[in-house]
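Visitor: The numbering of the sequence shown is this note's numbering, which starts it at 204 and goes up by one.
Hints were generated in silico from the structure; no laboratory data involved. Treat each hint with caution, since some may be false.
Pairs of lysine-lysine, BS3-like flavour, derived with a Cα cap of 30 Å [said to hold, decoys possible]:
id	residue 1	residue 2
1	Lys-222	Lys-283
2	Lys-209	Lys-284
3	Lys-284	Lys-222
4	Lys-238	Lys-209
5	Lys-283	Lys-209
6	Lys-238	Lys-284
7	Lys-209	Lys-222
8	Lys-238	Lys-222
9	Lys-238	Lys-283
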Amino acid sequence: MKKPYKVIDVHGFTPDRVKRQLEFEINRAPQNAEKIVVIHGCNHGTVLRDVVRGGLTSSRIREVMPCFANDGESTIFLIKK
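Use the sequences and the hints to build the structure in full.
Guide: Okay, structure coming up:
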């Protein structure tokens with residue numbers, strides 16, 4: 204059985220590439236996927252974090268949650284079944 208979540212690291216991506224990659228990953232997530240964890244970092248600015256947390260329009264996203272366990276360097280997407 205596959206994990207009910209996926210981790211995606213977008214360090215070094217451009218904002219446009221982040222948006223395209225995440226929309227692709229969210230839309231192709233398996234039906235048993237519960238969440239996608241996106242590691243975007245924040246030590247070199249907040250551009251990627253802002254794109255991840257506010258720039259996606261997929262209908263499969265149920266909720267977007269900042270993850271404070273690692274100083275806000277990742278975001279969790281809860282996926283609709």
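Visitor: With the threshold set at 30 Å, check whether the alpha-carbon distance from Lys-284 to Lys-222 stays at or below it.
Guide: Given pair Lys-284, Lys-222 holds - Cα atoms ~21 Å apart, limit 30 Å.
Visitor: Next pair to validate is Lys-283 with Lys-209; report whether the Cα-Cα distance is within 30 Å.
Guide: Answer holds: Lys-283 to Lys-209 is near 14 Å, not above 30 Å.
Visitor: Lys-238 and Lys-284: Cα distance at most 30 Å?
Guide: holds (10 Å)
Visitor: Given the hint that Lys-209 pairs with Lys-284, does the C-alpha gap stay at or below 30 Å?
Guide: holds (15 Å)
Visitor: For Lys-238 and Lys-222, compute the direct alpha-carbon distance and say whether it is at most 30 Å.
Guide: holds (17 Å)
Visitor: Starting from Lys-209, check that the Cα of Lys-222 is at most 30 Å away, please.
Guide: Since the Cα atoms of Lys-209 and Lys-222 sit roughly 16 Å apart, the hinted pair holds (cutoff 30 Å).
Visitor: Does Lys-238 pair with Lys-209 here, judged by a C-alpha cut-off of 30 Å?
Guide: With a Cα-Cα distance of about 7 Å, the restraint between Lys-238 and Lys-209 holds, given a limit of 30 Å.
Visitor: Regarding the pair Lys-238 and Lys-283, is the alpha-carbon distance no greater than 30 Å?
Guide: holds (9 Å)
Visitor: Quickly compare the C-alpha distance for Lys-222 and Lys-283 to 30 Å and report which way the hint goes.
Guide: Satisfied, since the Cα-Cα distance of roughly 19 Å is no more than 30 Å.
Every hint, counting from the list given before, is met by this structure.
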